[in-house]
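Asker: Sequence:
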Amino acid sequence: MKKLVSILLACLFVLSLWAGCAQKPEDSSSSTQPVSQSESQDVAEKKEPYKFGVSVAILSNPYCAFIESKMREIIEENGDIAVSADPAGDSGRQNNQVEDMITQGIDALLIQPVDSKGARIAVQAAKKAGVYVINFDSDIEDQEYVDCCLKSNNFNCGYLLAKELIKDFPDGAKYALIHDIKSQSCIDRVAGFDAGLKELAKAEYTRVSEQDGKGTTQDALPVSENVLQANGDGLQAAVCVNDPTAIGFVAAMKAAGRNDVAVYGVDGAPEAKHAIKNGEMKATSAQSPAELARQAIDAAYTLLEGGTVEHDILVDSFIINEDNVDQYDLDSWQ
Numbered sequence: 001m002k003k004l005v006s007i008l009l010a011c012l013f014v015l016s017l018w019a020g021c022a023q024k025p026e027d028s029s030s031s032t033q034p035v036s037q038s039e040s041q042d043v044a045e046k047k048e049p050y051k052f053g054v055s056v057a058i059l060s061n062p063y064c065a066f067i068e069s070k071m072r073e074i075i076e077e078n079g080d081i082a083v084s085a086d087p088a089g090d091s092g093r094q095n096n097q098v099e100d101m102i103t104q105g106i107d108a109l110l111i112q113p114v115d116s117k118g119a120r121i122a123v124q125a126a127k128k129a130g131v132y133v134i135n136f137d138s139d140i141e142d143q144e145y146v147d148c149c150l151k152s153n154n155f156n157c158g159y160l161l162a163k164e165l166i167k168d169f170p171d172g173a174k175y176a177l178i179h180d181i182k183s184q185s186c187i188d189r190v191a192g193f194d195a196g197l198k199e200l201a202k203a204e205y206t207r208v209s210e211q212d213g214k215g216t217t218q219d220a221l222p223v224s225e226n227v228l229q230a231n232g233d234g235l236q237a238a239v240c241v242n243d244p245t246a247i248g249f250v251a252a253m254k255a256a257g258r259n260d261v262a263v264y265g266v267d268g269a270p271e272a273k274h275a276i277k278n279g280e281m282k283a284t285s286a287q288s289p290a291e292l293a294r295q296a297i298d299a300a301y302t303l304l305e306g307g308t309v310e311h312d313i314l315v316d317s318f319i320i321n322e323d324n325v326d327q328y329d330l331d332s333w334q
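Residue numbers in the sequence shown follow the numbering used here, run continuously in steps of one, and reach 334 at the last position.
Source of the hints: derived by calculation from the structure; they are not laboratory data.
Be aware that one or more of the hints could be misleading.
Computed list of lysine-lysine pairs in DSBU-like fashion (alpha-carbon distance at most 30 Å, straight line) [unchecked claim]:
#  : residue 1 : residue 2
1  : 174       : 163
2  : 128       : 198
3  : 163       : 254
4  : 47        : 70
5  : 163       : 182
6  : 174       : 202
7  : 167       : 70
8  : 174       : 198
9  : 254       : 277
10 : 127       : 167
11 : 127       : 198
12 : 198       : 182
13 : 51        : 117
14 : 127       : 163
15 : 70        : 127
16 : 167       : 47
17 : 70        : 277
My request is simple: use the sequences and hints to build the entire structure.
Answerer: Given below as structure tokens:
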């Protein structure tokens, strides 16, 4: 009997050991996996996308439209947000649109002013709201509210036109100037042109007419028609502050059945390059809006990331004429 009890006790002891080792496994669905250090850093570093306000002077101008499109493309490729509007050449409207962008929470404003003086309201409001201001293409008069001013070398654009006019008319010429008196970039171009004539001319170059074409083909066309009628066959050249103005002058000549005035522009627009190729324009002092847009966006990102940039940045200009027009894509900007 004692032997039987001993056997039973031994069996119970073995069973108790097995039960203690065979614990119920945890439900894997309720377990929490540890987060790696790199995953934790990724979460910590992830931030909201930047929001950029883009305000060009007038979207009906192909040069301005290209810059707006290129800026939007770069911003959105970086996963950030571009907010833009068309002031249509109205300074008051541009100021209102910028104030609306500020209300939408932009981090940086990229602005090409309609009016160099009138833009003060917009940039002052931006700075008051803590928004970085990148002024491009044409100077805003109140640079104290601007973090970076980036533009083509507009003085050099005009200087190059003076050299081209002298090359084409070494014995002197009578010319008309078709201006855009509100645009600081165009004012700078005229200053460069005048400086080039003063420095380089060995003959007499007479400005027989100076008119405001307002920088658009539509406005330049009737002005150009009046210039042609008033000066008759004595007019030899038309110096235009941008390519839309030059295209307006070409259209006026066509309407008058003429092709005897040498037309010069500034921009390097596709329309101008086609006109040069077709013998309707002599030259354009070309800019690179693609490079202007890229450098302006780069400056904005540098500031947003806590870096510093030079206040004044110039992008080079160059002449496109009948001698080298085939080296460029006629249907696109450079």
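Asker: Hints numbered earlier in the text: which of these fail when held up against the supplied structure?
Answerer: Numbers 2, 7, 10, 11, 14, 16, in rising order.
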